[in-house]
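4 protein chains.
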Amino acid sequence: MRNVDTYTPYGYIAGMRKDIKASCAQRLQRIEGQVRGIARMVDENRYCIDVVTQISAVRAALRRLEEQILQDHVAHCVEHAIASGNKADQRKKIDELMAVVRRADR
Amino acid sequence: MRNVDTYTPYGYIAGMRKDIKASCAQRLQRIEGQVRGIARMVDENRYCIDVVTQISAVRAALRRLEEQILQDHVAHCVEHAIASGNKADQRKKIDELMAVVRRADR
Amino acid sequence: MRNVDTYTPYGYIAGMRKDIKASCAQRLQRIEGQVRGIARMVDENRYCIDVVTQISAVRAALRRLEEQILQDHVAHCVEHAIASGNKADQRKKIDELMAVVRRADR
Amino acid sequence: MRNVDTYTPYGYIAGMRKDIKASCAQRLQRIEGQVRGIARMVDENRYCIDVVTQISAVRAALRRLEEQILQDHVAHCVEHAIASGNKADQRKKIDELMAVVRRADR
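Residue numbers (the numbering used here), protein chains in the order written: chain A, 3 to 108; chain B, 3 to 108; chain C, 3 to 108; chain D, 3 to 108.
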């Protein structure tokens, strides 16, 4: 289990920035509620296509969340690797981003 | 709020088949747990890329669920529209599937 | 090699409608030109990211073309299957659309 | 029109590596042939779904090409930015990759 602390001996970057973290937490709570709502729809025998439409909406919300986290990641963790001049860390950051590209690209 | 009952005056098709419904409910419960797990990761300042990877996994699980529901939909609701010979219902079913294609296709 | 003629004993539906066919042909010609343009970019050592951006643009153009063809398919071939009341043909059309959904959905 | 030369005053990295460039050129030629084949299918009134399937195949081939180019880009251009220690260039490379992620991710 990796933790940002290992990258921040001085506690300079401790995970996401506070405001981003709060916004993520809020979004995830909303998404959890949406998933519960879909379970209710299934239980109430709601029309399949309406269920599918709701699932798509949750997928889109997760995609937007991913993008927000990646943007924050680049603005902080990746920027930290650049500012530090640590080439090994820079290569690691690039490899991680490429893994995300490959997956998104499918 | 549409409900399959409106399509099934004789109660022949009441929502998803029982076994599909149980499997969907179970999957949704697991997905809800995964979303809560991601919220915990954010709270514990876990590494951004690990959070993003988990979000992708949930999106993939939702995609598979959508597909299962669509398959069941075709095997039941769409098949019902075909068997009934009701052309208006058949056209409606096709339009709904096309809306799903358009969205998935982006 | 399937050919729409097999579905249209009276020549009523012979492939795409004339105007759709012309529009598809024109789009494909433009896409062929774009692909040649990308080959030229590679040959001229143009910047990788610019090449990737062009490839994405062609993929988007192909996606739009797919959607146009599917819409025409629904308005003609699928509508023909519904109007004819041929249940076997209707089931075939649905299975084909589902295969497209599955692929697009990935 | 950007050209890799502007990034390589000493001619160290001149576009893609020779073997990658040849492989890209070959793939693009094959893709151009596939696009022409699709135009022929449309012209011959081939069945819509078969045309759509072919278009999907070309989109997948383009996606694989994008990935190959990106991998080469990271191994060369991005690696060059890291090795040089040029922070401005590193930030630029990251921004470009993020633009690709955002587009692929949609």
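Hints in this document: simulated from the structure, not taken from any laboratory. Keep in mind that this is a model prediction, so the values were computed, not measured. Don't take each hint at face value.
Said to hold, decoys possible - List of simulated lysine-lysine pairs, BS3-like, C-alpha gap at most 27 Å: (1) B:Lys20 to B:Lys94; (2) A:Lys23 to D:Lys20; (3) C:Lys89 to B:Lys89; (4) B:Lys94 to B:Lys23; (5) C:Lys23 to B:Lys23; (6) D:Lys20 to D:Lys94; (7) B:Lys89 to C:Lys94; (8) D:Lys94 to A:Lys23; (9) D:Lys20 to A:Lys20.
I'd like to know which numbered hints this structure contradicts. Please list them from smallest to largest.
The structure conflicts with hints 2, 5 and 9, although it agrees with all the remaining ones.
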